[in-house]
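Since the structure of chain C is provided, determine the placement of chains A and P on it from the hints.
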Amino acid sequence: MWARALKEKVTFHDGCHGLRELGTKEAPRELLRAVKGLELVEMGEAESCCGFGGMFAVKYPQISTAMAEVKCNSIVETGVDYVVSNDSSCLMQIQGYLSRHSPRVVKSLHLAEVLAQQ
Amino acid sequence: MINLQEPQEQFQHDADRTTADEPRRAAVRKALGNYQIARGKTENAFASWQHARDAAATIKYEGVNHLDQYLREFEEKFTARGGKVFWASNSAQAREYILNLARERGVKSIVKSKAMTSEEIHLNDALEKDGYHVIESDLGEFIQQLKHEPPYHFVFPCMHLKRDEISALFERELGSAKTDSPEELTMIARRVLRQHYINADMGISGGNFIVAETGMISITENEGNARLTTALPKIHVALIGIEKIVPRLADLSLFLPMLATAGTGQQLTCYNSMYGGPRLPGEVDGPEEFHVVLLDNHRTRLLADAEQRDALHCIRCGACLNVCPIFKNIGGHAYGTTYQGPIGSVITPHYRGLQDWKHLSGASSLCGACTEACPVKIDIHHHLLQNRRNAVAEKKVWWEKLIWFGFRHLMKRPWAYKLAIRLAPVGQLFHPFVYGTELDPVQSWTKTRDFPEAATQSFHDWWRERKGARK
Amino acid sequence: MNPLSPNGDREAVLGRISEALREEAPRHHETPTKPAPSGLTAPFREWLPPVGKTRKEQIALFAKQSEGLKTEFHECASPEAAAKYLADLAKKGHWKTLALHKGALTDAVAGWLPETLTLLRIDDGYQKEVLETCDAGFTECESLVAQTGSVCITGRSSGGRALSVLPPHHVVIAHKTQIVTDLAAAYESLAEKYRDNYPSFISFITGPSRTGDIERILVLGAHGPKKLTVLLVP
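Line by line, the protein sequences are chains C, A and P.
The numbering of the first sequence is UniProt numbering, which starts it at 1 and goes up by one.
The numbering of the second sequence is UniProt numbering, which starts it at 1 and goes up by one.
The numbering of the third sequence is UniProt numbering, which starts it at 1 and goes up by one.
Wrong hints could be hidden among the right ones.
Keeping only pairs whose Cα atoms sit at most 27 Å apart, straight-line, the calculated DSSO-like set for lysine-lysine is [unchecked claim]:
no.: 1; chain 1: A; residue 1: Lys-467; chain 2: C; residue 2: Lys-107
no.: 2; chain 1: A; residue 1: Lys-467; chain 2: C; residue 2: Lys-59
no.: 3; chain 1: C; residue 1: Lys-25; chain 2: A; residue 2: Lys-41
no.: 4; chain 1: P; residue 1: Lys-226; chain 2: A; residue 2: Lys-234
no.: 5; chain 1: P; residue 1: Lys-70; chain 2: A; residue 2: Lys-30
no.: 6; chain 1: P; residue 1: Lys-128; chain 2: A; residue 2: Lys-41
no.: 7; chain 1: A; residue 1: Lys-162; chain 2: P; residue 2: Lys-64
no.: 8; chain 1: C; residue 1: Lys-36; chain 2: A; residue 2: Lys-467
no.: 9; chain 1: C; residue 1: Lys-107; chain 2: A; residue 2: Lys-447
no.: 10; chain 1: A; residue 1: Lys-108; chain 2: P; residue 2: Lys-193
no.: 11; chain 1: P; residue 1: Lys-128; chain 2: A; residue 2: Lys-234
no.: 12; chain 1: A; residue 1: Lys-401; chain 2: C; residue 2: Lys-59
no.: 13; chain 1: P; residue 1: Lys-56; chain 2: A; residue 2: Lys-41
no.: 14; chain 1: A; residue 1: Lys-84; chain 2: P; residue 2: Lys-193
no.: 15; chain 1: P; residue 1: Lys-64; chain 2: A; residue 2: Lys-41
Taking beta-carbon pairs under 7 Å as the criterion, some of the chain P residues facing chain A (in silico) [stated by the list, open to error]:
no.: 16; residue: Ala-12
no.: 17; residue: Ala-162
no.: 18; residue: Gly-224
Simulated from the structure, these hints should not be mistaken for laboratory data.
Positions of the beta carbon are idealized from the N, C-alpha and C atoms, including for glycine.
Pulled out of the complex, with its shape left as it was, chain C reads as follows (with noise of 0.2 Å):
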């Protein structure tokens, strides 16, 4: 786990569930950006999907997991260390894919763990 006040780049995946249930897109990054240190850096595909879908992602392991490619493409080419969300399940799907195929290490961090840090 980094301590706090470290130089970081992260990037912020949009959950679904958060985005268009919630209509939540700006408060987790505002969040983000209070953190000191911290620098939040867009990837292309925020707002995809990351393919977890509960079920589907056993039921239709190769579209889940081609979804989660498409993501994780996104997040990599960011050149970030780590991906924040503020949804465990996503976290789950994307730290799952990018452990195995990622290129190098991006780690995955929930919202509330990058902030009770501080």
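Frame of chain C, contents of chains A and P only:
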């Protein structure tokens, strides 16, 4: 391509194949990325796109919920001006009517503009079997017809093909020279089709809207092929689903820009034409006969489901496909349906049987991008959930029942939940022995992704400790 | 299958519909609270892209939209000037035949056209093959829609259905007074003019024919005209 018996097995098989085709996925992603940009700009030009959506949904709600009244009004106005209406309960009746008409009038050559309803009832097969020469005139449909393939997307029929594939197809089927210019390819098709419009004695079209007030149908297009199809042959047949109703002519002044915006990102498509009869006295041209075939084909089954009735508000803009991550990754053919994408997954179980097509509602992460993109505010992803619920209520799946039984009991008992959290790291010690193999209980996850390591300390414990330390 | 009556399964379909509609459907949308202004059929027009109030602004918007659509838009000082413009187009495009219909504006212009250009009048019928080989179709219109840059034509105002779509170049001539704000206004003027006796064909033409079917790349002149010219006279 292997043809399996069950639609669900076929779907799994095709999705395996198409998700492995990264170049195709990338091409589709790129095309739809451009759509997103164009659409964003056009949407922003609206004084209020969101209010316009509400207005459109209100009008469609009114039309669909008074469907009998408005269809009667359409019929009365349309027939008064010399048009002929045929009501088809199912695809066989619609096909039979059009075939009979062709026989009686001694038709030889038929030109068609884009009509998804004709794909739905397999009209071309029936006409060709009877010896008629049928040609699709929409460029994308023309290409798909030459390829003997159904449309990939109900608005962009050949969006999955690259120019070199189309050039090779034209070389083989039309004897044209090789080219990598989309413009030259378009001109080849233009030259081929021109003669067909002139020679055809029957033109078959679909229709985007049925206008009750004035007894007209409205056709939206970009190429002009529908205009030619409906101007030159002596008989015009329009095959339209009954749900395409709008009450008033002026309603189109909202729907035409919205259809274009959501469909292609244009402010208005190139040609939006309203047809209110055959050639009338004092007019210089137009068909001698104009037949509208109103197609039910199980639409009334969906209409009877009040909860999901608004799925009939669909104006077939294709926006839900264009934003759908499932569509982008599996492509249009994997669905195995006439109507692809999210809206297709909603309506196909109603049209073709819930148990056979419920898997399409399962094959969604329910991300909701479709609902957000829908210009008439159909709650698409919740309809997918309703289909899942209805399918299970009709026919239970024992292993799913068992899983949810266990899950429910675990979550209802805090002590059991806590115990499970404590045991997870222990249990996971054994996971490496079977990881990713057939014996792995989470194999369909671990085949392509890593399974998360259970934390030795839960978030709850950590939070409690942290609070204690801060005091 | 039992032989169906000439209008098909009408009673069965209508019966299923009224049976289906007995239960009320939930609404997933907000019904606009603002009542429609009396007599106006399009209360939603305020949500659509804004259009200027004066005719000058509307003409400017039509010109701007035309540019985006690749429509050639040209304001002419008189029918004579329009004829000169048209003659230039004919010369540049090596036209041999121009097809046209009878009308106050088309006739006013036709009188000034050079004799080297053959005119094909289609008012009393035409042969499809001949019309297809014409270099351009010259028509009037019902209105020009500022909001979308569209030309509204009908079977009665614009020489039928084919004249404006079969030849490779469509030239439209209109009076300045024919500019209307939006589609709703175009429909209103049609309703006023035709009442219950609409032409069998109404079309909004928005730019030259186009397609994006191959790799979503824009190509003009898919099946209809490759070029669209709109001439505006006072």
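Consistency of the hints with the structure:
1. Restraint check: the Cα-Cα separation between A/Lys-467 and C/Lys-107 comes to about 26 Å, which is no more than 27 Å; the hinted pair holds.
2. Taking the CA atoms of A/Lys-467 and C/Lys-59, the gap is near 40 Å; set against the 27 Å cutoff, the hint is violated.
3. Under the criterion of a C-alpha separation no larger than 27 Å, the hint pairing C/Lys-25 with A/Lys-41 is consistent with the structure, at around 20 Å.
4. Between P/Lys-226 and A/Lys-234 the alpha-carbon distance is near 25 Å, which keeps this suggested pair within the 27 Å criterion.
5. About 24 Å separates the Cα atoms of P/Lys-70 and A/Lys-30, which keeps this hinted pair within 27 Å; it holds.
6. Restraint check: the Cα-Cα separation between P/Lys-128 and A/Lys-41 comes to about 41 Å, which exceeds 27 Å; the hinted pair is violated.
7. With a C-alpha separation of about 33 Å, the suggested pairing of A/Lys-162 with P/Lys-64 is violated against the 27 Å cut-off.
8. A distance of roughly 22 Å separates the Cα atoms of C/Lys-36 and A/Lys-467; the hinted pair therefore holds under the 27 Å criterion.
9. For a cut-off of 27 Å, the pair hint linking C/Lys-107 to A/Lys-447 stands: about 20 Å separates their Cα positions.
10. Restraint check: the Cα-Cα separation between A/Lys-108 and P/Lys-193 comes to about 39 Å, which exceeds 27 Å; the hinted pair is violated.
11. Distance hint between P/Lys-128 and A/Lys-234 is fulfilled; the C-alpha atoms sit about 12 Å from each other, no more than 27 Å.
12. This hinted pair checks out: A/Lys-401 and C/Lys-59 have alpha carbons roughly 15 Å apart, not beyond 27 Å.
13. In summary, the hint linking P/Lys-56 to A/Lys-41 is supported, as the alpha carbons are separated by about 25 Å, within the 27 Å threshold.
14. Taking the CA atoms of A/Lys-84 and P/Lys-193, the gap is near 26 Å; set against the 27 Å cutoff, the hint holds.
15. For the hint linking P/Lys-64 to A/Lys-41, the alpha-carbon distance of about 16 Å falls within 27 Å, and the restraint holds.
16. For P/Ala-12, the suggested interface contact is upheld, since its CB lies about 6 Å from the closest CB of chain A, less than 7 Å.
17. At about 4 Å, the closest approach between the beta carbon of P/Ala-162 and any beta carbon in chain A falls short of 7 Å, and the interface hint on this residue holds.
18. Of the supplied interface hints, the one on P/Gly-224 holds, with its beta-carbon coming within about 2 Å of a beta-carbon of chain A, less than 7 Å.
Violated hints for the displayed structure, listed by number in ascending order: 2, 6, 7 and 10.
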